[in-house]
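*Asks:* Here is how the chains run, residue by residue.
Number of protein chains: 2
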Amino acid sequence: MTNPRFSFSIAATDGKARTGAIQMRRGEIRTPAFMPVGTAATVKAMRPAEVRAAGADIILGNTYHLMLRPGAERVARLGGLHAFMGWDRPILTDSGGYQVMSLSALTKMSEEGVAFSSHIDGSRHMLTPERSMEIQRLLDSDIVMAFDECTRNGCTHDEAAKSMERSMRWAKRSRDGFDAGAEHAERAALFGIQQGSLDEGLRRISAEKLIDIGFDGYAVGGLAVGEGQEAMFATLDFAPGMLPADKPRYLMGVGKPDDIVGAVERGIDMFDCVLPTRSGRNGQAFTWAGPLNIRNARFAEDKGPLDPRCGCPVCTTWSRAYLHHLVKAGEMLGAMLMTQHNIHFYQALMQGIRDSIAIGRFQGFAADFRRDYQRA
Amino acid sequence: MTNPRFSFSIAATDGKARTGAIQMRRGEIRTPAFMPVGTAATVKAMRPAEVRAAGADIILGNTYHLMLRPGAERVARLGGLHAFMGWDRPILTDSGGYQVMSLSALTKMSEEGVAFSSHIDGSRHMLTPERSMEIQRLLDSDIVMAFDECTRNGCTHDEAAKSMERSMRWAKRSRDGFDAGAEHAERAALFGIQQGSLDEGLRRISAEKLIDIGFDGYAVGGLAVGEGQEAMFATLDFAPGMLPADKPRYLMGVGKPDDIVGAVERGIDMFDCVLPTRSGRNGQAFTWAGPLNIRNARFAEDKGPLDPRCGCPVCTTWSRAYLHHLVKAGEMLGAMLMTQHNIHFYQALMQGIRDSIAIGRFQGFAADFRRDYQRA
Chain A
1 MTNPRFSFSI
11 AATDGKARTG
21 AIQMRRGEIR
31 TPAFMPVGTA
41 ATVKAMRPAE
51 VRAAGADIIL
61 GNTYHLMLRP
71 GAERVARLGG
81 LHAFMGWDRP
91 ILTDSGGYQV
101 MSLSALTKMS
111 EEGVAFSSHI
121 DGSRHMLTPE
131 RSMEIQRLLD
141 SDIVMAFDEC
151 TRNGCTHDEA
161 AKSMERSMRW
171 AKRSRDGFDA
181 GAEHAERAAL
191 FGIQQGSLDE
201 GLRRISAEKL
211 IDIGFDGYAV
221 GGLAVGEGQE
231 AMFATLDFAP
241 GMLPADKPRY
251 LMGVGKPDDI
261 VGAVERGIDM
271 FDCVLPTRSG
281 RNGQAFTWAG
291 PLNIRNARFA
301 EDKGPLDPRC
311 GCPVCTTWSR
321 AYLHHLVKAG
331 EMLGAMLMTQ
341 HNIHFYQALM
351 QGIRDSIAIG
361 RFQGFAADFR
371 RDYQRA
Chain B
1 MTNPRFSFSI
11 AATDGKARTG
21 AIQMRRGEIR
31 TPAFMPVGTA
41 ATVKAMRPAE
51 VRAAGADIIL
61 GNTYHLMLRP
71 GAERVARLGG
81 LHAFMGWDRP
91 ILTDSGGYQV
101 MSLSALTKMS
111 EEGVAFSSHI
121 DGSRHMLTPE
131 RSMEIQRLLD
141 SDIVMAFDEC
151 TRNGCTHDEA
161 AKSMERSMRW
171 AKRSRDGFDA
181 GAEHAERAAL
191 FGIQQGSLDE
201 GLRRISAEKL
211 IDIGFDGYAV
221 GGLAVGEGQE
231 AMFATLDFAP
241 GMLPADKPRY
251 LMGVGKPDDI
261 VGAVERGIDM
271 FDCVLPTRSG
281 RNGQAFTWAG
291 PLNIRNARFA
301 EDKGPLDPRC
311 GCPVCTTWSR
321 AYLHHLVKAG
331 EMLGAMLMTQ
341 HNIHFYQALM
351 QGIRDSIAIG
361 RFQGFAADFR
371 RDYQRA
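Quick note, the sequences are listed as chains A and B, same order.
Quick note on full-length UniProt numbering: the first sequence kicks off at 1 and runs consecutively.
Quick note on full-length UniProt numbering: the second sequence kicks off at 1 and runs consecutively.
If you're looking for bench data, these hints aren't it; they were derived computationally from the structure.
All values reported here derive from a predicted model rather than from experimental measurement.
Be aware that one or more of the hints could be misleading.
Which bits of chain A does chain B cover? Going by a derived footprint, with three or more residues having C-beta under 8 Å, they are [claimed, not checked]: (1) 39-51; (2) 83-93; (3) 295-306; (4) 309-319; (5) 325-335.
Between beta-carbon pairs, the in silico distance windows are [claimed, not checked]: (6) S123(B) x A12(A): 54 to 64 Å; (7) R187(A) x G27(B): 15 to 25 Å; (8) G228(B) x M126(A): 22 to 32 Å; (9) K303(A) x S102(B): 49 to 59 Å.
We put the CB at the ideal spot given by N, CA and C, even for glycine.
Turn these sequences into a full structure, and let the hints steer you where they fit.
*Replies:* This is how it looks when you write it as structure tokens:
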């Protein structure tokens with residue numbers, strides 16, 4: 001039996017929190033899901049088998065980075081992103097819309113799209129909804145994201161409205177561009193992205209326009225851009241409920257462990273964030289007792305594991321003292337092991353979330369988590 | 001049955017080449033053996049299990065690096081080097097004599113030993129034969145190297161003689177220092193190091209003095225320091241034969257694959273070198289067809305494995321095109337995979353050497369190797 005193109009089923013709910021699974025051709029994605037970020041065709045410092053062993057069902061690839069290096073056409077000639085990097089399960093690709101504004105230079109935005117200079121070699125490129133769909137098709141992405149403009153934090157209501165309206169026009173062009181690649185569209189899914197900043201009225205208009213176009217899943221975009229957790233949660237109190245209950249809801253670029261718990265509580269099913277990988281390379285570990293920086297001198301002779309409650313290969317093999325030494329000495333193995341632990345921690349967090357929703361005690365899980373997790 | 005402290009048996013010889021095994025408490029070392037270098041308590045970019053899976057029976061640790069960071073006393077408090085880094089098989093430690101001269105600053109050499117400033121923080125330290133033995137004991141090294149002076153390349157006969165004579169006095173002090181640590185001496189082995197530069201007469205005197213003191217194994221020191229392969233081989237034509245035939249002979253800091261084949265041909269049993277790890281991080285791969293630099297543009301769309309004759313996890317999973325991308329993009333996974341392949345290649349080379357000696361066709365193996373291996 002062939003897996004379906006895309007099917008989402010909710011097995012249990014607890015308040016607004018839901019647990020279930022997305023079935024796709026390349027495998028199942030248990031939700032709520034956390035997607036490790038594999039920016040440049042690699043989850044940094046991790047082999048694909050290690051990412052999978054940590055419990056990840058799906059990873060994220062970045063259109064912006066991959067279009068510049070090694071190039072989408074090249075990836076296609078090499079058999080697509082999965083074969084290229086050796087990951088055979090689902091991959092979600094972003095549209096490039098966010099990174100083109102945050103990473104590239106000399107950007108020129110128009111109704112057509114965004115012209116920009118590569119942050120790698122200065123070469124000129126153009127991203128439009130149509131080109132973004134083409135790139136994600138060349139990569140053979142499983143979940144394609146609509147091309148949108150990420151509205152900046154702190155803008156006026158008028159700016160937020162204009163930006164959202166443009167993103168909705170681009171959402172329609174993304175839908176058409178995606179559908180035009182008929183062969184790929186038969187095996188991949190397309191997600192729309194809700195915008196509207198922190199404004200309830202704009203979020204509603206955006207949701208209605210997206211539903212009108214029709215997508216396989218819906219992302220809440222434009223959050224985690226500097227507004228703070230309180231404002232983010234206030235927006236998540238209303239935004240996810242405007243999106244179809246029978247489709248997955250994806251909060252882009254989030255976040256810290258407590259952000260994730262609070263967002264699941266508000267009806268979110270999918271997450272991605274560079275935190276576990278980037279922090280790992282910087283010596284920060286996520287633990288059930290909160291984050292810790294392994295460079296701290298108090299760990300120099302600490303024989304205990306990074307996290308006594310963690311069963312990952314790092315915590316069952318090496319001491320804090322060894323990790324402290326590796327990170328202080330700038331050894332690559334330090335970044336490798338810290339990243340591996342963090343990816344495991346995030347996946348264990350999602351497993352705890354899923355399990356507690358399934359048995360109807362998510363509120364208890366969240367309360368226990370918040371009691372133990374002390375953010376420094 | 002407990003493994004012996006140290007026993008070396010030769011299973012087969014072919015010309016001067018020998019194959020056999022060293023038995024030690026922590027495991028067997030098949031010879032000829034290549035020891036990956038784990039400078040700062042890590043074989044760079046490799047987990048211990050990956051080093052073992054590549055076929056390594058023993059790794060090398062550096063006394064100089066470890067005494068400075070994290071410190072030998074600290075490693076001892078943390079249970080010794082094996083527990084600290086998670087490698088339970090034999091570890092050979094060098095004496096620090098070579099690195100103190102090549103890496104540290106403000107060195108002051110005397111009959112007593114070497115005073116120096118740390119290359120990490122400028123702190124003042126002193127290495128003597130006695131302190132080197134103490135450090136290697138604190139690390140709980142399995143094979144301890146005598147503290148010596150690595151005679152510089154291009155010195156006069158008189159300089160070489162004076163330097164060798166001092167190293168021989170230090171060899172005796174090393175033997176006494178090692179034996180003074182009675183408990184450790186009951187489970188570890190001590191190797192002496194022959195010096196004498198390229199001079200046959202000095203090499204003979206050095207060998208006789210070492211044999212007079214008595215060691216578990218004997219290293220040929222002072223080679224691979226810039227003299228070139230021809231001069232090194234000319235010295236290896238006579239130097240190993242001066243050392244006891246029933247003890248392992250170790251050529252320190254060697255080398256390139258063709259150096260190793262030529263040295264085995266001349267009676268060497270053990271090797272160590274940073275080449276497979278350091279080159280891997282720089283994008284150079286060793287293959288049966290010679291070295292290649294994966295950064296070369298011709299690999300950008302090469303779907304083939306790094307080395308078609310290699311069965312390592314890297315060559316059976318990823319393409320040259322992917323490795324080219326990772327290394328060009330500065331991705332850590334690039335260094336990890338290139339290192340993993342190189343360590344596998346070196347171990348496969350040693351396996352090929354051992355197997356061919358065992359069946360009496362080492363000359364054929366060496367000829368085939370040289371025909372295929374084209375050094376760029």
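*Asks:* Next, verify each hint and record whether it holds.
*Replies:* Verification of the supplied hints:
1. 39-51: holds (count 7)
2. 83-93: Holds, because 3 residues of the stretch 83-93 of chain A bring their Cβ atoms closer than 8 Å to Cβ atoms of chain B.
3. 295-306: Since three or more residues must qualify, the claim that chain B covers the stretch 295-306 of chain A holds, with 3 doing so at under 8 Å.
4. 309-319: holds (count 3)
5. 325-335: holds (count 8)
6. S123(B) x A12(A): 54 to 64 Å: Since S123(B) and A12(A) have Cβ atoms about 60 Å apart, the given range 54 to 64 Å holds.
7. R187(A) x G27(B): 15 to 25 Å: Between R187(A) and G27(B), where Cβ atoms are some 50 Å apart, the hint is violated.
8. G228(B) x M126(A): 22 to 32 Å: 55 Å, violated
9. K303(A) x S102(B): 49 to 59 Å: 33 Å, violated
Figure legend: structure checked against the earlier numbered hints; hints not met, in rising order: 7, 8 and 9.
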